[in-house]
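Go by the hints and put chain B onto chain A.
Protein sequence lines, in the order shown, are assigned to chains A and B. Counting in the UniProt record's numbering, the first sequence runs from 1 upward without gaps. Counting in the UniProt record's numbering, the second sequence runs from 1 upward without gaps.
It is worth saying that the hints were derived from the structure and are not from the lab. On a predicted model such as this, the values are computed, not experimentally measured, just so you know. One thing to keep in mind: the hints can contain errors.
Pair by pair, the computed Cβ-Cβ distance ranges are [to be verified]: (1) B/Thr72 with A/Glu64: 36 to 44 Å; (2) A/Thr89 with B/Gly92: 56 to 64 Å; (3) A/Ser69 with B/Gly67: 38 to 46 Å; (4) A/Gly54 with B/Gly67: 42 to 50 Å; (5) B/Pro71 with A/Ala15: 23 to 31 Å; (6) B/Ala15 with A/Pro101: 17 to 25 Å; (7) A/Arg91 with B/Glu20: 20 to 28 Å; (8) B/Lys90 with A/Ala113: 27 to 35 Å; (9) A/Pro16 with B/Ala113: 14 to 22 Å; (10) B/Ile63 with A/Lys19: 17 to 25 Å; (11) A/Pro101 with B/Ser69: 41 to 49 Å.
Virtual Cβ for every residue (Gly too), placed ideally from N, Cα, C.
2 protein chains.
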Amino acid sequence: MTTTHLPLIATTCCAPLVKEPLDADAADDHARTLKALADPTRLRLLSIVASSVGAEACVCDLIEPVGLSQPTVSHHLKVLTEAGFLTRTKRGTWAYYALVPGALEEVAAWLSAP
Amino acid sequence: MTTTHLPLIATTCCAPLVKEPLDADAADDHARTLKALADPTRLRLLSIVASSVGAEACVCDLIEPVGLSQPTVSHHLKVLTEAGFLTRTKRGTWAYYALVPGALEEVAAWLSAP
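Chain A extracted, bound-state conformation (with noise of 0.2 Å):
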């Protein structure tokens, strides 16, 4: 079983976004972050793996619920996985993708702290 996890582009180090103007490493950062999130199909595979049971979902079912071919499902995926929003883990046969704790609740925290 392997694993794959990997940290949030944008990290927590930063200010919020209205307390001071960002420099441009940081937009950049946090642009391809919310780039990630900023896309119809991958919006509705994080909302279908978050709301599955324990926030985890195979990779097969994935694929009829947003009507798009495997391989341009798993490029989303991908694109989640390495912006730090999912896990992904192959069983067997299969691939099984997992909400990351904490990642969506980070980004949102950046967009509103005071």
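Structure of chain B alone, referenced to chain A:
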């Protein structure tokens, strides 16, 4: 004085991202809102406006910090205004942009609410 104030594209009607599978229309709406944020220049502009006195800034003070042309800056500000994150008020020669109270918090709540 004219103020442009548009509602967030994605309304507050919807269940949080992680609560249930998103339907295609809701996913489109939320992706559009997140795309408005998912750009380094727009994040920098938002952070400058938000951290200015009264969370408002003249477009004349936004051009130099991001190092882009006025038309480019105005384009990005228009995207943020149309997405509901900023208001635009014309006073004399200049346009002033202000953060919409609660707009970022609305996105954050949708992303992270249990």
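Now for the hints, and whether the structure bears them out:
1. B/Thr72 with A/Glu64: 36 to 44 Å: 42 Å, holds
2. A/Thr89 with B/Gly92: 56 to 64 Å: Once the Cβ atoms are compared, 60 Å apart, the range 56 to 64 Å for B/Gly92 and A/Thr89 holds.
3. A/Ser69 with B/Gly67: 38 to 46 Å: 41 Å, holds
4. A/Gly54 with B/Gly67: 42 to 50 Å: The hinted range 42 to 50 Å holds for A/Gly54 and B/Gly67, with Cβ atoms some 47 Å apart.
5. B/Pro71 with A/Ala15: 23 to 31 Å: 30 Å, holds
6. B/Ala15 with A/Pro101: 17 to 25 Å: Holds, at about 19 Å.
7. A/Arg91 with B/Glu20: 20 to 28 Å: 25 Å, holds
8. B/Lys90 with A/Ala113: 27 to 35 Å: Given range 27 to 35 Å: holds, Cβ gap about 31 Å.
9. A/Pro16 with B/Ala113: 14 to 22 Å: 18 Å, holds
10. B/Ile63 with A/Lys19: 17 to 25 Å: 22 Å, holds
11. A/Pro101 with B/Ser69: 41 to 49 Å: 43 Å, holds
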